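Asks: The primary structure of each chain is shown beneath.
Number of protein chains: 2
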Amino acid sequence: MQIIVQKYGGSSIAEPELIKNIARRVVETKQKGNRVVVVVSAMGDTTDELLKMAHQITASPCDRELDMLLSTGEQISIALLVMAINNLGCSAVSLTGSQAGIVTDDVHSKARIMKIDPDRVNQELEQDKVIVVAGYQGITEKGDIATLGRGGSDTTAVALAASLKANICEIYTDVDGVYTADPRIIPQAFKHNFISYDEMLELASLGALVLQPRAVEFAKNYAVPLLIRSSFNDCAGTLVGEVATVENCRPVSGVTHDLNVAKIGIFDVPDCPGIAKDIFQCLADEQINVDMIIQGWVRDDRNDIVFTVTRADLETALPVVEKIVREIGASGFVYNDRVAKVSIVGAGMITNSGVAADMFKALAEEGINIEMISTSEVKVSCVIDEGQAIKAVQALHAEFFE
Amino acid sequence: MQIIVQKYGGSSIAEPELIKNIARRVVETKQKGNRVVVVVSAMGDTTDELLKMAHQITASPCDRELDMLLSTGEQISIALLVMAINNLGCSAVSLTGSQAGIVTDDVHSKARIMKIDPDRVNQELEQDKVIVVAGYQGITEKGDIATLGRGGSDTTAVALAASLKANICEIYTDVDGVYTADPRIIPQAFKHNFISYDEMLELASLGALVLQPRAVEFAKNYAVPLLIRSSFNDCAGTLVGEVATVENCRPVSGVTHDLNVAKIGIFDVPDCPGIAKDIFQCLADEQINVDMIIQGWVRDDRNDIVFTVTRADLETALPVVEKIVREIGASGFVYNDRVAKVSIVGAGMITNSGVAADMFKALAEEGINIEMISTSEVKVSCVIDEGQAIKAVQALHAEFFE
Chain A
1 MQIIVQKYGG SSIAEPELIK NIARRVVETK QKGNRVVVVV SAMGDTTDEL LKMAHQITAS
61 PCDRELDMLL STGEQISIAL LVMAINNLGC SAVSLTGSQA GIVTDDVHSK ARIMKIDPDR
121 VNQELEQDKV IVVAGYQGIT EKGDIATLGR GGSDTTAVAL AASLKANICE IYTDVDGVYT
181 ADPRIIPQAF KHNFISYDEM LELASLGALV LQPRAVEFAK NYAVPLLIRS SFNDCAGTLV
241 GEVATVENCR PVSGVTHDLN VAKIGIFDVP DCPGIAKDIF QCLADEQINV DMIIQGWVRD
301 DRNDIVFTVT RADLETALPV VEKIVREIGA SGFVYNDRVA KVSIVGAGMI TNSGVAADMF
361 KALAEEGINI EMISTSEVKV SCVIDEGQAI KAVQALHAEF FE
Chain B
1 MQIIVQKYGG SSIAEPELIK NIARRVVETK QKGNRVVVVV SAMGDTTDEL LKMAHQITAS
61 PCDRELDMLL STGEQISIAL LVMAINNLGC SAVSLTGSQA GIVTDDVHSK ARIMKIDPDR
121 VNQELEQDKV IVVAGYQGIT EKGDIATLGR GGSDTTAVAL AASLKANICE IYTDVDGVYT
181 ADPRIIPQAF KHNFISYDEM LELASLGALV LQPRAVEFAK NYAVPLLIRS SFNDCAGTLV
241 GEVATVENCR PVSGVTHDLN VAKIGIFDVP DCPGIAKDIF QCLADEQINV DMIIQGWVRD
301 DRNDIVFTVT RADLETALPV VEKIVREIGA SGFVYNDRVA KVSIVGAGMI TNSGVAADMF
361 KALAEEGINI EMISTSEVKV SCVIDEGQAI KAVQALHAEF FE
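Taken in sequence, the protein lines are chains A and B. Note that the numbering used here gives residue 320 to position 320 of the first sequence, counting from 1, and the numbers run on in steps of one. Note that the numbering used here gives residue 118 to position 118 of the second sequence, counting from 1, and the numbers run on in steps of one.
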């Protein structure tokens, strides 16, 4: 008997009719003889409405209480979905993150899953029930509710799939699968039938908002096959798995852009061992995720360090940077929150020289200035002015796919 | 250091401004040097809205899932109230029923508290925090969320007060205290400064919607002093405690009415041992609370049994009664859901003869026909036509208080 984990996002369950639609999909999967575990997010804009309530009370609610508040959104979803499944004559039970045995660390609002104790889930599966688990949440060792941060429901689904040794983890969303670029911007973009974890990881990190990067990483580490599909139609979707080199005839699998980027530059950083650690440890201590980091050529025992953070983290980052600049004796810092990141991603890139050069050429031909460059084995990213982001994606898609 | 438990009902926290108002009361109590544990209900009509969502999915949601759904209402309240308390510079922490160690039986939607494990609450109190606990909910031995039924937040507050050996349990509501009758109907009604548990128990059971009867019973059994006050003003309220006979100069302390009554009559019940048990066990098995029970004089080895239930339970009760009638060989049954119950309550009644006769006389003078009578040590109740309920309360208040 196959075990299938299905995850449905907020737009897939925004209204009672959509919940009934999902219930039908779930029951069909069950009736084909599978064991089914479903993970759901909060309905539509429930999370935003709860946040609004919090901000009517205070401008700076504490993270533990925000988690207590926001976790109710998924709890409402699981109860309603089980009612809809029961209504179709199928036995089902809802479980909160805590009840599903999802244990996290205690970094409220950005918690990470430490372990999953699947006893209760297995017990209910043994009784032939469909299990509906609240995504995005878990319980700390102390017994407090912690959320995994936005998009955390993907991680819940993949972690449960890994823990239950599920045959597949299906991620239902409002798009048909993973495209070569955002089809709302690039009409010529086409859908992949298969991509590798590494490519998906880069695509997910880089603004293709289909799937949470942490979820992909988890899936890769535990070799959980992912299927990304739409909950609104029966398109085949995109399968994400281990790289199959023969399939990679194209060096590039996607072009992405991300407007949620701000860059910070620190000038005249003394060139001595441990200085980078000092800077980025301070930022990590404040739970600020740093993305790209560029360090220039050392001149006169000093150099400049430039890095990017999300725009949401910028406000928290600036006072930290100010303090660092004082402490390490740098000459000053600047920031710019009107930049964007465009990237090309592809597992085939590593064996194809000249891909990066083709990218820079395509951007140059459109008169787009590159402010930062960062590369990995499967991607090349450039920070540019945010006003040129769309034009850049169009040029890059034309260069590599048309 | 005194321990004070405060309970705030739904109307006291219906809006952000009201939540801030409660936070001020809580912080004032804390600043007077007390340890404070707060129990809250769901905001305003949140519970009704959640029920509406459930009924958009299915006409008959299962109780376990309803509990999962409805318990989110209180969880939202506790998070928001803690944010408001924190905002006033006071340290506080929210706890769900489960986190507060409230263990219930597994009768979903009508669960009873089995025990309270106050470890976490005590631990947080030791750290000088205000504790805000979700009312109305607990956790079963199996780990499922169960609700205590409507008004269960009162029970949560009293049970916590008993378990923490609190000095007082303050019940904040939208009325100033316990009156001799509903002041909206009887302008001459006046407020009691003190009444006994037994009187409050009868008053609470009989439709004076100030306090949940189970909560009063709990308070009596564990000798928890209750103070019933308004959250909208600083009136002294009504203290509920052990009877102090000297204070009871009046035989009657209140007149109540209850429109949520339906009566059912079973005709020609065979007169043999165990037959009443058969009837009422079947009803109890369906979680139907039977209130008054009247059995007439046995004639020809048969008699009629008449009893009352709430109107909400009538629909569930009728098929049970139909089955019973068949099984025991009664001749048939009738019901009437257009009746009301009016009662007089008073701990002094037991030492004052003639009180019941005064009640019947007052009703007779208004031409009100009495359909059923039931008495206890501290009350006399009459079932009458619902159209005459208000007139009956006015006549009884005039008879005993004016």
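These are computed hints drawn from the structure, not numbers from a lab. From a predicted model like this one, the values you see are computed outputs, not experimental measurements. Even for Gly, the Cβ is constructed at its ideal location relative to N, Cα and C. Don't take each hint at face value.
Within a straight-line C-alpha distance of at most 16 angstroms, the following computed EDC-like cross-link-like pairs (lysine to aspartate or glutamate) qualify [to be verified]:
1) A:Lys52 <-> B:Asp117
2) B:Lys142 <-> A:Glu17
3) B:Lys142 <-> A:Glu124
A short list of chain B residues far from chain A (calculated; beta carbon distances all over 12 angstroms) [to be verified]:
4) Cys62
5) Ser77
6) Gly149
7) Lys277
8) Glu386
Asks: Now tell me, hint by hint, if it's right for this structure.
Replies: Each hint, compared with the structure:
1. A:Lys52 <-> B:Asp117: Judged against 16 angstroms, a Cα distance of about 34 angstroms means the pair is violated.
2. B:Lys142 <-> A:Glu17: 32 angstroms, violated
3. B:Lys142 <-> A:Glu124: Judged against 16 angstroms, a Cα distance of about 12 angstroms means the pair holds.
4. Cys62: About 6 angstroms separates B:Cys62 from the closest Cβ of chain A, which leaves it inside 12 angstroms; violated.
5. Ser77: Violated: least Cβ distance 10 angstroms, not greater than 12 angstroms.
6. Gly149: 17 angstroms, holds
7. Lys277: 34 angstroms, holds
8. Glu386: Holds, because the least Cβ-Cβ distance between B:Glu386 and chain A comes to about 34 angstroms, which exceeds 12 angstroms.
Violated hints, listed in ascending order, are 1, 2, 4 and 5; each of the other numbered hints is respected by the structure.
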